[in-house]
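Protein chains: 6
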Amino acid sequence: MKLSARNMLPGKVVAVTKGSTTAHVKVELASGLTIMSAITNEAVDDLALKVGDTVSAVIKSSDVMIGK
Amino acid sequence: MKLSARNMLPGKVVAVTKGSTTAHVKVELASGLTIMSAITNEAVDDLALKVGDTVSAVIKSSDVMIGK
Amino acid sequence: MKLSARNMLPGKVVAVTKGSTTAHVKVELASGLTIMSAITNEAVDDLALKVGDTVSAVIKSSDVMIGK
Amino acid sequence: MKLSARNMLPGKVVAVTKGSTTAHVKVELASGLTIMSAITNEAVDDLALKVGDTVSAVIKSSDVMIGK
Amino acid sequence: MKLSARNMLPGKVVAVTKGSTTAHVKVELASGLTIMSAITNEAVDDLALKVGDTVSAVIKSSDVMIGK
Amino acid sequence: MKLSARNMLPGKVVAVTKGSTTAHVKVELASGLTIMSAITNEAVDDLALKVGDTVSAVIKSSDVMIGK
Numbered sequence: 001m002k003l004s005a006r007n008m009l010p011g012k013v014v015a016v017t018k019g020s021t022t023a024h025v026k027v028e029l030a031s032g033l034t035i036m037s038a039i040t041n042e043a044v045d046d047l048a049l050k051v052g053d054t055v056s057a058v059i060k061s062s063d064v065m066i067g068k
Numbered sequence: 001m002k003l004s005a006r007n008m009l010p011g012k013v014v015a016v017t018k019g020s021t022t023a024h025v026k027v028e029l030a031s032g033l034t035i036m037s038a039i040t041n042e043a044v045d046d047l048a049l050k051v052g053d054t055v056s057a058v059i060k061s062s063d064v065m066i067g068k
Numbered sequence: 001m002k003l004s005a006r007n008m009l010p011g012k013v014v015a016v017t018k019g020s021t022t023a024h025v026k027v028e029l030a031s032g033l034t035i036m037s038a039i040t041n042e043a044v045d046d047l048a049l050k051v052g053d054t055v056s057a058v059i060k061s062s063d064v065m066i067g068k
Numbered sequence: 001m002k003l004s005a006r007n008m009l010p011g012k013v014v015a016v017t018k019g020s021t022t023a024h025v026k027v028e029l030a031s032g033l034t035i036m037s038a039i040t041n042e043a044v045d046d047l048a049l050k051v052g053d054t055v056s057a058v059i060k061s062s063d064v065m066i067g068k
Numbered sequence: 001m002k003l004s005a006r007n008m009l010p011g012k013v014v015a016v017t018k019g020s021t022t023a024h025v026k027v028e029l030a031s032g033l034t035i036m037s038a039i040t041n042e043a044v045d046d047l048a049l050k051v052g053d054t055v056s057a058v059i060k061s062s063d064v065m066i067g068k
Numbered sequence: 001m002k003l004s005a006r007n008m009l010p011g012k013v014v015a016v017t018k019g020s021t022t023a024h025v026k027v028e029l030a031s032g033l034t035i036m037s038a039i040t041n042e043a044v045d046d047l048a049l050k051v052g053d054t055v056s057a058v059i060k061s062s063d064v065m066i067g068k
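As given, the protein sequences belong to chains B, L, P, D, E and H, one line each in that order.
Read in this note's numbering, the first sequence has 60 at position 60, and its numbers run on one by one without any break.
Read in this note's numbering, the second sequence has 11 at position 11, and its numbers run on one by one without any break.
Read in this note's numbering, the third sequence has 19 at position 19, and its numbers run on one by one without any break.
Read in this note's numbering, the fourth sequence has 24 at position 24, and its numbers run on one by one without any break.
Read in this note's numbering, the fifth sequence has 65 at position 65, and its numbers run on one by one without any break.
Read in this note's numbering, the sixth sequence has 67 at position 67, and its numbers run on one by one without any break.
Since the hints were made in silico from the structure, they are not lab data.
Treat the hints with care, since some could be wrong.
Because identical chains share one entry, a pair is satisfied inside a single copy or across any pair of copies.
What the hints assert, rightly or not - As a list, the in silico PhoX-like pairs of lysine-lysine whose alpha-carbon atoms are at most 25 Å apart:
#1 Lys50 with Lys12
#2 Lys26 with Lys2
#3 Lys2 with Lys50
#4 Lys2 with Lys68
#5 Lys50 with Lys68
#6 Lys12 with Lys26
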């Protein structure tokens, strides 16, 4: 499935922290930068996410702000 | 001003395309990846955004999905 | 690619309206309900979206509000 | 009150799961499809949400992605 | 209809600018502050929005960042 | 850093409630209105947010809906 979201940043999962309903997933991008994602615990289980997984950080362009 | 958004990806503006109210701004990240942002034309003018500018792509963690 | 977004509603494209940078895509869901999506013109071209296409409306759970 | 959000999908609450601050609410749409919403616990209490309630899943068009 | 979104800021419409698909609506809040909203042209027409209208700026708590 | 988000509403923190991963922060605006923000616990710690702090509620225009 191809998605309309314009941003797919490849990287590796470096941390998964589950809360009571929301989980935080840290992904290290190719550049060494890390990006944080907040998704549901259900999504973590459904994707069987664990440290070391190769993933994409997927972001809609309207959710990217610019700071200067 | 420090912001609660967890993701600040440094990069350079490589393209600015203004529509009638919404503009698309392409930012090349350190890793060579590009990320697309959709912001208002007013924001482009207010930040005086132009190609070559050093900027940050700012993204809330709840707006970052994971694909695997 | 499996996505962390929890909602994938199958349907058919019934209208595509391109603006200067943003396009509106109407999708008729199995139930006969229509759902409206606002994506970039670039995404419309990249997915080669046209009326009649079988698609999914993809929505993060944190973007779904409840009205009662 | 009429809302600018373009998508109002009618359905029935089939599950409410409260976390420490965020709750997950599953809504079965007319078509039998279910849609998941993540809202605050405060909203669940304020709307007195419970299984069996007739509700709308309310979604802005800019929050609907397309997958093909 | 009561909505799960936690923020309803009352105000008056002071400007409506339609683009090709997206419109910008400026609302003056009770405090004299103005807040900008980007909605679809269709929503502007559907709500018959015009300068002077009494409205609410409706915002989900997960869409409010904090700057300090 | 100047941000592309168009809305910066000044106010004072009146409550901070941490969940397991997500925190709710209530900000009283100049007008006496309160606005609720849902951010990560990590952001609360990073900004050392506490009751009485002078802050801004930062909101993208595409995240502001209109109700009439």
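- request: Any hints from earlier that this structure breaks? Give me their numbers in increasing order, please.
  value: none
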